[in-house]
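Participant: Sequences listed follow chains A and B, in order.
Under the working numbering, the first residue of the first sequence carries the number 1, and numbering increases by one thereafter.
Under the working numbering, the first residue of the second sequence carries the number 336, and numbering increases by one thereafter.
Since the hints were made in silico from the structure, they are not lab data.
The C-beta atom is built at its ideal place from N, Cα and C for all residues, glycine as well.
You may find that some hints are simply not true.
[Stated by the list, open to error] Residues on chain B that point at chain A, a partial pick, calculated with CB under 7 Å:
{"no.": "1", "residue": "Ile-430"}
{"no.": "2", "residue": "Phe-486"}
{"no.": "3", "residue": "Ser-574"}
[Claimed, not checked] Straight-line C-alpha distance at most 25 Å; calculated DMTMM-like pairs for lysine to aspartate or glutamate:
{"no.": "4", "chain 1": "A", "residue 1": "Lys-331", "chain 2": "B", "residue 2": "Glu-489"}
{"no.": "5", "chain 1": "B", "residue 1": "Lys-395", "chain 2": "A", "residue 2": "Glu-39"}
{"no.": "6", "chain 1": "B", "residue 1": "Lys-459", "chain 2": "A", "residue 2": "Glu-236"}
{"no.": "7", "chain 1": "B", "residue 1": "Lys-422", "chain 2": "A", "residue 2": "Glu-195"}
{"no.": "8", "chain 1": "B", "residue 1": "Lys-404", "chain 2": "A", "residue 2": "Glu-236"}
{"no.": "9", "chain 1": "A", "residue 1": "Lys-331", "chain 2": "B", "residue 2": "Glu-481"}
{"no.": "10", "chain 1": "A", "residue 1": "Lys-136", "chain 2": "B", "residue 2": "Glu-417"}
{"no.": "11", "chain 1": "A", "residue 1": "Lys-3", "chain 2": "B", "residue 2": "Glu-489"}
{"no.": "12", "chain 1": "B", "residue 1": "Lys-422", "chain 2": "A", "residue 2": "Glu-229"}
{"no.": "13", "chain 1": "A", "residue 1": "Lys-136", "chain 2": "B", "residue 2": "Asp-411"}
{"no.": "14", "chain 1": "B", "residue 1": "Lys-422", "chain 2": "A", "residue 2": "Glu-236"}
{"no.": "15", "chain 1": "B", "residue 1": "Lys-395", "chain 2": "A", "residue 2": "Asp-230"}
{"no.": "16", "chain 1": "B", "residue 1": "Lys-395", "chain 2": "A", "residue 2": "Glu-229"}
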Amino acid sequence: MNKSYIFTRLTTFVIIIWLSSSIIFILPHLAPGRNPVRERIIQQTAAGGGRADGIELMVAAFERDYGLDKPIWKQYITYMGKLARFDLGTSLALYPAKVSDLIMQALPWTIGLLGISTIFAFGFGSLAGALLAWPKSPGFVQWLFPPLMVMSAVPYFLLGIFLMTIFAFTLKWFPIGGGSSLTSIPAFNFQFIKEVLHHGVLPGLSVVLSGIGFWSLSMRGMMITVAGEDYVNLAEMRGLSPRRIFFQYAMRNAILPQITALALALGFVVSGLVLVEYVFRYPGIGSLLFKAIAAFDYFLIYGVVFVLILGIALTTLILDLIYPILDPRIKYERN
Amino acid sequence: MSQTILEIKNLYVNYHTRQGDVKAVSNLNLTLDKGDKFGLVGESGSGKTTLANAILRMIKPPGYIPEGKINLDGTDVLSLSESDLRKFRSTSVAIVPQAAMNALNPVRRIGQQINDAFVDHGVKLSKSELNDRLAELMLTVGLRSEVPRLFPHELSGGMKQRVSIAMAVSLNPKLIIADEPTSALDVVVQRQVIDTLDQVQEKYGSTILLVGHDMGLMAQFSNRLGIMYAGELVEIGSSTEIFSKPNHPYTEILISSLPDTKTKRKLVGIPGLPPTLINPPTGCKFHPRCPKVFEPCSDLVPEKEIIDEKSFFFCHLSTINNGKVDKKIVGTK
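Chain A on its own, in the form it takes in the complex (with noise of 0.2 Å):
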């Protein structure tokens, strides 16, 4: 790979978190007549029975300090600015927190459990579909078809839902939610990660199951057209080993569009399931959207929103820079 398209890559990196931070900024300002502080503070007034005296000069004193009686395009320099040092303001429900230290604290819980079981469900999901694609498999893998349709089909908080009430409420084999237990203090240490571990496993689990569904069924499609290829039939044809014309020639070239879904998958990872998070009360960034959502907590959900776009950029970033890798005919020359 030449260094110029490298160059060329992260410069559009930059320019779409740059563009999709802006939209962020602009949306809020697109709604005519409004004053979010104003509006606030009447809300407030009016529920604390207070007097509406003082208002206009409140008003002006939170705008002074957000910096709103700034002409929009200073304000615009000012966001992005901070934006640049990751400083994503206050949160509003959980005041006086910042946005960036709630959103650090939640994303290694989302990133632990989502991206495990999303790369878990992908593994098993590509290699159960293209065995259900392929003509030489046993027999008995049809029966996964049936299985595999449903779960792909039920929601996963469904699913998680039903596993909690088997495996937690009634075996009580695993903790019914969190991210460990209330008591312990997160450390480094054996018995912590282990805790870790084992509420994970509920939540992962659902993902995992309904992840396995809906990998294999795009993995058998794909599979298909490639059992078909005139290279895996002349393989045959050499007489090479079954187990190499599985792998390398017929998988290999049927998981390349596979990948292209995995990494959006991955980056949607950072905005946390939502439901599976708010299900098992899992302490990721799902349940921390929720929280924002249900709090009108703007700030938190800009927040939310800018990691989202940054997850999204990053892992189309890294897959395009290792696609050639991973298909020879992609190459990026110019001459």
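Using the hints provided, position chain B relative to the given structure of chain A.
Facilitator: Just chain B now, with coordinates in the frame of chain A:
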């Protein structure tokens, strides 16, 4: 007496369909000797590729072989176990495929793909031995020595076809089946590919079964010819004999339909279409299209007419007047 490499006896291949079985190959007998360059000619759908696949035992459902025997250098192909069959391919019989454009794995280097066959057939080569082997193969098929390091998309169609020839000879098989290896190439490259096959045959002394429908190419390459029609071999003989004195009317029309570059004349085709093989015509399968059709053709299956040990044909014409037909009894369709 030369050594027999391939012997096919009473081979039938059917494809199962809802309307009934398609008899793609029926009652086929063929013997190839060591060093033969045998050309198998016929229209599309006449069963050439099915026959080639049958020799490799690559007939897959809905296709099946109801009866017949294929013996390749002492091995009964149809009774091999799955694992023996796998080892048999490439070492005893190899194929140069029809569409070399897509015959190579797009994400694997040429050298790796050639080496896969070595590894999977228990040939252990060190890195330098492998490189020597690859270099030698490339030299044989007339490719540059860096080709093994390239990916398929970096090669032209003709180069890919040469790679597939190199793959076919890599384990020095007794028989190489070239299934229309030139069908997607232009005439210049066609010639090069055929020359390459020729050189390979000379170098390794392998037997080659060239499948195709280009009579000109066949005449240039093969020493023996077999003409297939509707799943049957209707005539076999040495190339020179067949071109100078075809015995079967179908062969005759095939040859006369070759364009002539010296005199300008209208191209002659074969009237009608190939018959459906679910319900093939009775008697001689060619009779509905045959310009020399006469009384017995529609009812009786023609007997095998033997010219010599290696030449025969199936046609009623020979029974009257030894092939010289009285014009009066010949009806035209």
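Participant: Now tell me, hint by hint, if it's right for this structure.
Facilitator: Verification of the hints:
1. Here the hint on Ile-430/B is kept, as its CB sits about 5 Å from the closest CB of chain A, short of 7 Å.
2. Taking 7 Å as the C-beta contact cut-off toward chain A, the hint placing Phe-486/B at the interface holds, the least distance being around 4 Å.
3. Below 7 Å, beta-carbon pairs count as interface contacts, and Ser-574/B has none with chain A, the closest being about 27 Å; its hint is therefore violated.
4. Of the supplied pair hints, the one linking Lys-331/A and Glu-489/B holds, its CA atoms being roughly 12 Å apart against a limit of 25 Å.
5. Taking the CA atoms of Lys-395/B and Glu-39/A, the gap is near 74 Å; set against the 25 Å cutoff, the hint is violated.
6. A distance of roughly 20 Å separates the Cα atoms of Lys-459/B and Glu-236/A; the hinted pair therefore holds under the 25 Å criterion.
7. Restraint check for Lys-422/B and Glu-195/A: the C-alpha separation of about 52 Å exceeds 25 Å, so the hint is violated.
8. Between Lys-404/B and Glu-236/A the CA atoms are separated by roughly 22 Å; this keeps the pair inside 25 Å, and the hint holds.
9. In summary, the hint linking Lys-331/A to Glu-481/B is supported, as the alpha carbons are separated by about 19 Å, within the 25 Å threshold.
10. Pair hint Lys-136/A plus Glu-417/B holds up; C-alpha atoms about 12 Å apart against a cutoff of 25 Å.
11. Using a Cα cut-off of 25 Å, the hinted pair Lys-3/A and Glu-489/B holds, with the two alpha carbons roughly 22 Å apart.
12. A C-alpha spacing of about 22 Å is found between Lys-422/B and Glu-229/A, which places the hinted pair at or below 25 Å, so the restraint holds.
13. This hinted pair checks out: Lys-136/A and Asp-411/B have alpha carbons roughly 24 Å apart, not beyond 25 Å.
14. At roughly 11 Å between alpha-carbon atoms, Lys-422/B and Glu-236/A fall within 25 Å of each other, so this suggested pair holds.
15. Taken as a hint, the Lys-395/B and Asp-230/A pair is honoured in the structure, with Cα atoms around 14 Å apart against an allowance of 25 Å.
16. For a cut-off of 25 Å, the pair hint linking Lys-395/B to Glu-229/A stands: about 15 Å separates their Cα positions.
In this structure, the hints that do not hold are numbers 3, 5 and 7, in rising order.
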